[in-house]
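Trainee: Chain by chain, the residues:
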Amino acid sequence: MITLALYIWLVPLLAFGIQIFFGKRLPRKGDWVSVGAIGISFFLTLIMFVRMLLNYSPDYAVHASVPWINVGTFKIAMGIYLDNLAITMAMAVTTVSFVVHIYSIGYMEGDPRYSRFFAYLSLFSFSMLGLIFFDNLFGIFMMWELVGLCSYLLIGFYFEKKSASDAGKKAFITNRVGDWGFLIGLLIVFTTLGTFTITDIHTLVAQGKLTGGLLTAAGILLFAGAVGKSAQFPLHVWLPDAMEGPTPVSALIHAATMVAAGVYLMARISFMLSFDAMLVVAYIGGFTAFFAATIAITQNDIKRVLAYSTISQLGYMIMAIGVGAYQAGFFHLVTHAMFKAGLFLGSGSVIHAMHHAMHKTGVEEDPNDIRLMGGFRHKMPITYYTFLIFSLALSGIPFFSGFLSKDAILGGTLAFAMAQSNPIHYLLPTFGFLAAIITAFYMFRLIIKTFFGEPKRPDLYEHIHESPKVMTGPLITLATLSIWIFFTLPSISPFGSENSWYYHLVKKPESAVSVQLGHPVLEIPEHIEHSAHVNGMMISIIFALTGILLAYMFYYWKKWDVEAFTNKIRPLYDLSYHKYYIDEIYNATLVRGLLLWNNILAWFDAHIIDGLVNGAAFVTRHVSRLSGIFDLGFVDGLVNAVADLTRDTGQLLRKVQTGQLQFYIFGALAGLVLIIIGTLM
Amino acid sequence: MNTLMPYLIIGAIVFTLGIFTIIYKKNAVGILMGVELVLNSVNINFIAFAKFVDKGINGQVVAIFIIILAAAEAAIALAIILNIYRTKATVDVTELNEMKN
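Chains A and B are the protein sequences, given in the same order.
The first sequence lines up with residues 1 to 681 when you count with this note's numbering.
The second sequence lines up with residues 1001 to 1101 when you count with this note's numbering.
If you are wondering where the hints come from, they were derived from the structure by calculation, not from laboratory data.
Any given hint might turn out to be false.
[Unchecked claim] Derived DSSO-like pairs (lysine-lysine); straight-line CA-CA distance at most 27 angstroms:
1. B:Lys1025 / A:Lys655
2. A:Lys655 / B:Lys1026
3. A:Lys655 / B:Lys1088
[Stated by the list, open to error] Which chain A residues stay away from chain B? Per the calculated CB distances, all over 10 angstroms, these:
4. Ile2
5. Phe49
6. Asn70
7. Ser163
8. Thr192
9. His355
10. Gly496
11. Ile585
12. Ile608
13. Ile609
For glycine and all other residues, C-beta sits at the position ideal for the given N, C-alpha and C.
All chains should be modelled from the sequences, with the hints used to inform the complete structure.
Mentor: Structure, rendered in structure tokens:
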């Protein structure tokens, strides 16, 4: 299994290497390299997945690790940990990645950076799979940063467009804020426990090596990373802008896989969340689910509606982890990956058609604008029907996968609220159910505006046509995977997944935070869980249908006038339309504040620091001048004096050297006489 | 005349005369004569020491060597002086200062 995982992981990296260096020179610009690589990964993952199903054991886990850094007492091990959670996640990721690769062949056709696009997709697949397979938080962090890099590269793929390159930077910087928390969380874990390996952390936390406020802080800080990556409030601002990237990227990275990495991380570390940390997680998730849904209602850009919908659904997953409905949260991740990727690919198909129509007619307008669409269901039947299936799944209608997971989350949230003594916690299910109505409403608003009614722009409508098979194929695949049956087997009941393979295999890990260590613990009695589940299911079906009904009333049957209604609630409408002015607030406070602070620092640098440096230079120069005088006058004087003395003495003494032999003999004789006299005396 | 002292005194006187001749004479031929005197005073000493102290013939042998040496030396020196005279028309040693400076 480990070898299999290594192949699954490294084949896309190889493809990336080939693509980035030789992509342009390969036939078909090398798209078959990347598609082939992810295809291999997909089939190997399928083998792994089938083996897991054949094994059918909730405790199944394979773990292998090697020492990576080993310096004195500082030890980090790197390894691969495969349990049912990781394999299920890998299956979802490779499936979506594979269909998105195939779809991209059609969507990106003729792009000048075609090969580079596939190279990035391969790099992303590699990083994402590494994130899933690594057994330690440090490895996950490295891959976490790599997927962030891929996201940045792909959002800014059309970097000639200023909005695209800005969006890339925004995504990167916003994520950095979350990663800052993640990193501090990692440091807390490592300094207190001395290991990054998740299984070891579990053991050590259960032994009480990390307790109290520090444990809560570690949980919340690690969650901060997930807030950034999974675009939770208040760091959600990057995801809608990330829609500047090509649509397959939005489907793969910004809907199905990378943004779900935060949820995956939370699932991995959920055992170490203290009760307080879980409350924070649940409330941020719940609030985001509701908050983002309200923004999605008023947006007119087809991809932005889906982006806010993604944020909202990620909020659901995070909330589920927070209320202890671990299985439901991760379940929603998997089902959501399928239908949300499908929605994005469907919207990509529409945009592709719009783009071509605009190209033909010479109209220069935003191809994403739903106000220019309408009636497309006759022109693009496959896109329409698949889009409808995805929307039904997202709205939580029975017979589709989304219903199973969303219903489980809402039931879990309700059970959590019922088990708490404080009634304030009913806020969480309220957020959840309200978001469910709104979700159904905005999805059907989108469908009605895009596919029903009269064409708003007949000139464009003329040229709209269905996308090629390479694009509709992935849509049909994903639509099939949004049917309930795949997620309820071996049971075939469309109303519940309790008996499914998923609930059998992916079990909530035993929490390492126990009462013995002095923590309040989340306990939900079984009967509450059961009644909450039944009630939750009823309410969620009713609410979803209500949402759809409302959308039909407003936009299809036009029983109620949309204009009049928006005018009546104008302030609320504006608030939603302008996304609660969050971007403006960030610009006015954080960005402006940062710039001001930068200016202060620049001034400080230019005047104080440079002044200090210049002062030091000034002092040095003058000291040097003094030193120079001393050197020239005194030291050189001394040396010259010695030389002069020697010369003068020589001048004197050379007079003795007359050259007269007789004088020398006389000298010698006189010396001899002197010696003799001296000796005698 | 059977004591050493008179010979030594005679030798010393001749040596002194020879040295002073060398020192004071400006004429190169005169200096050469002084050298002969010095050599002969040494001869007197050798023979006197041979007769009274050594009681052998070693001293006489050395004296004969010196006489031969002196003859050779005189011949070479006179040849040099003659050549100097030919080129410079003088034998005054104070004038022979071409290598000075």
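Trainee: Any of the earlier hints contradicted here, and which numbers?
Mentor: Hints that this structure does not satisfy do not exist here, as all of them hold.
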